[in-house]
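For the record, the sequence lines run as chains A, B and C. Here my numbering is used: the first residue of the first sequence is 1, the next is one more, and so on. Here my numbering is used: the first residue of the second sequence is 1001, the next is one more, and so on. Here my numbering is used: the first residue of the third sequence is 2001, the next is one more, and so on.
In case anyone wonders, no lab produced these hints; they're calculated from the structure. Heads up, some of the hints might be wrong.
Listed below are several chain B residues computed to face chain A (Cβ distance under 8 Å; list not exhaustive) [to be verified]:
#1 ILE1065
#2 GLU1068
#3 PRO1080
#4 ASN1084
#5 ALA1126
Just so we're clear, the structure is a prediction, and the values are computed from it rather than from any experiment. Yeah, the Cβ is synthetic: ideal placement off N, Cα and C, and Gly gets one too.
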Amino acid sequence: MSDATLEQSRRALGEAERQRERSERRRGFILALPSFAYMVIFFAIPLVIVLVYSFATRTSTGSTALSDWNLDAYRKLGEPIVRNVVVRSVILALITTLVCLVVAYPFAWFCATRSALTRNLLLVAVMIPFWTNFLVRNYAWRILLSAGGPISSFTEAIGLGETNILFTKTAVVIGLVYAYLPFMILPLYASIDRLDRRLVEASSDLYASGPQTFRRVVLPLTMPGVIAGSILVFVPSMGAYVTPELLGGGKETLLGSYIVTQFLTARNWPVGASLSFVLMAVMLVSTIIYFRSGGKNL
Amino acid sequence: MSEPPGSDLNPAAAVSLRGISKFFDDVTAVDHVDLEIGDGEFFALLGPSGCGKTTTLRMIGGLEIPSEGSLRIFGDEVGPLPPNKRPVNTVFQNYALFPHMSVADNVAFGLRMRKVDRAETASRVAQAISLVRMAGMENRRPAQLSGGQQQRVALARALVNRPKVLLLDEPLAALDLKLRQEMQFELKQLQREVGITFVFVTHDQEEALALSDRIGVMNEGRLLQVGTPEEMYDAPVDRFVADFIGRSNFLAGTLEDVSTVCLANGTRIRVPAVDAEIAAPGSAIQVSLRPERVMIADESAAPEGAASLSGRVSAVTFLGNSIVYHVGLDWMTVEVETDHRPDLRRHAVGDDVVLWWRDDAIAVVRP
Amino acid sequence: MSAGRRGLGGGLLRFNGAVVLAFLYAPIILLVVFSFSASRLPGQWGGFTTEWYQTLFDDSRIQRTIWVSLRVALVSTVISTVLGTMSALALERFRFRGRRVFDALLYLPIIIPDVTMAVMMLMFFTQAFDLLEVVFGLGLSKGFATIIVSHVAFNIAFVSVVVRARVAGMDATLEQAAADLYASRWQTFRYVTLPLIAPGVLGGALLAITLSLDDVVVTQFVAGPGSTTLPVYVFSLIRKGVTPTINAVSVIMLVASLILVAGSVALQRASAARGRQRLQTTGGIQ
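Excised from the complex, chain A in its bound form (with noise of 0.2 Å):
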């Protein structure tokens, strides 16, 4: 054969290569096509909306004027009333977090050493409320805590008087721990699960005490868990909306009721669309953080 033929048959090879790979790259990008279109233009294009939104004018009619672009709807969240919002919020799914970190990780604790078969049936036993609808979970609580209810009922019975604090800042973090609790309690037991408990023997062998092993070992250890349960919990709590409107009587407004009146009754859409971007930045930061310390499931 000759060199000439030789060139011919890399020639023919290369061909048959690289059409073998275009008709893969091609078969991938069809298969991929009618969701990638959907996602541009019902998800990404409605994103860029919210984002031109959020630096247009209000006119006095409420109707809202594309021109004049500016970032008046970012300088009013420095004034009182956003602020307070913004605050309120920050603080509320603060609490939220810390009190489900508290209540979940000894929970989680105690899943992680028990037999397979409680462990299992604990787990599931977290998952079924979190697979139940979302409003009936809030609602349930708005009848527990009503005036004259269960709660109040009880505290009268055993002589505390009657609770009253539905439509208090209380009766929201309760509804927001009852609806993000799985979400702390998963990601923990998972660390919790996976540390080495040698590691906790090796530690008292070395003459730590129990609070000294938590702290220096098992705590660092599971840092983790505690960083991703904190921000799945904290992230959806600062951007409620049911829960305070149900729980909360619309009183205790947070950033995403607020948002809502923003659009719903105040008709400020560039407000509201600034709002919303700030909640995803704080949700977009997050994500990068449970990223960066390691997460990947859940």
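Dock chains B and C against the given chain A, drawing on the hints supplied.
Coordinates of chains B and C only, in the frame set by chain A:
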């Protein structure tokens, strides 16, 4: 080595590779391989991981397209064809049995895809299953089978299609040692029964020696040597081959003429005539000296006329059936393995000894 | 934590475990109990009755919203399961132009807050309808279709994540083996890939139905008059004031979601049981 592809084609060859290369981006996985595998041959591609043996097999199977060269199966050029257009089937590493199908459905899969009629499919499947001695297990799922049984199903699933060449990718690697030895024997038996060409890839030199008619050793994408197991062991042409198949001592030296080597310490030794392809007179070479082919004796007992080296025992390792001595020469250490027999003198650390060998017990290899 | 099993520490752990479980289940159980209470006040016991369920079944408004919810859930689940599965396969098995962008785009709906998603969809439809009216003279309004489009927009991502995990866990050599055994692309998908990822696809679909039936915020923003879903309607009722009828509706919603949970738990158990059976039989042979 540098003949253009397609020349001096042997039409009887089951698989013929001429100047086959495969590049992945900047990496050369397979580098100008020329190879002919005969009809009915049991051929092993042997080499360390990453040497290009699996890529070569995947090119024969059609899972990769060669970057250049000519690849023929029974004379037909198949280089660019997809796997389902060539008369070969593959037994995958870890077998790749379909976990959701029964043994019978796994075996029938290829025939069903080609729309072979039901009656024929049924009879061929039954035949293939009994060929691999799995009759009675047709309705089991792969997960309900042991490793050896899974391998048999994988063999039946490939053989039922009556391929002209069967490719096996590390067929025994997933099995434990004892089962592996049993399956080696079975595999060889099976190949004789069906009489088709088997090409298998392995990193286990013992497996290659035990199973195959011929072995090709690959390293860094290149095919270094092809030959029968005996040839590969007795007359390696490359240091890598000598080292990979069995153990060996390597003595550096220069080839003075076709059958004389001057070792690094100045000793001249006679060697079997060296092929010009391995080394030309005047070039640096290595002498491969198998530990069990070196004779060891007290300094006074060296035979007349034979090339010999003197040294001192630096370590003795008792292995039951044999004893391994490490003998320090002033320029290197040589490993010597002798039988452990009552009539053989045993040397101790510090003894001065002399080493010698028959001229035909050594091989000159490319460094 | 060396005292984790015994003594005071162990006791506290147990107590905390019991409290957490009570906290998780008491509200749900009490809700069911009160839905059968004859008292007009929804949080008080006044003897057994099924009256509220009766009112519920006579209420045509509630029935209409149930019907809307079911249709929305069904249609959006079918669409998002198909699209989500396709994108999972594309992302896990192929390289193509724009793959990384697509991958990132599919993560966003999972982490984006409900409220932001709702705002996005509302603004998008307002803009799109304005545009369509100006350009084509089409007079579109929010309704059934906009709810479905929005639910699909967040559900594709969830289905895709669930299915991707399954595809990633599937040995790619099985597909190569099928190709080696003369299967075409379509046959490989039909006979090898699809049956093996089916539990993932089903799991994704169950998640999509659940999320669709759960959604209040997004739906509230994109629903039109006459296309209100059950959760949105119930949400507006609760804001006006709680009634025993809402208790009954909630229990119906609860039952629906429990059926879905049971489905997914059964799905997990089925695949786990198959794994166990596998181990036992293999153990038996060796």
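Quick rundown of the hints versus the structure:
no. : hint    : result
1   : ILE1065 : 4 Å, holds
2   : GLU1068 : 4 Å, holds
3   : PRO1080 : 3 Å, holds
4   : ASN1084 : 13 Å, violated
5   : ALA1126 : 36 Å, violated
Checked against the numbered hints given earlier, this structure breaks hints 4 and 5; the rest are met.
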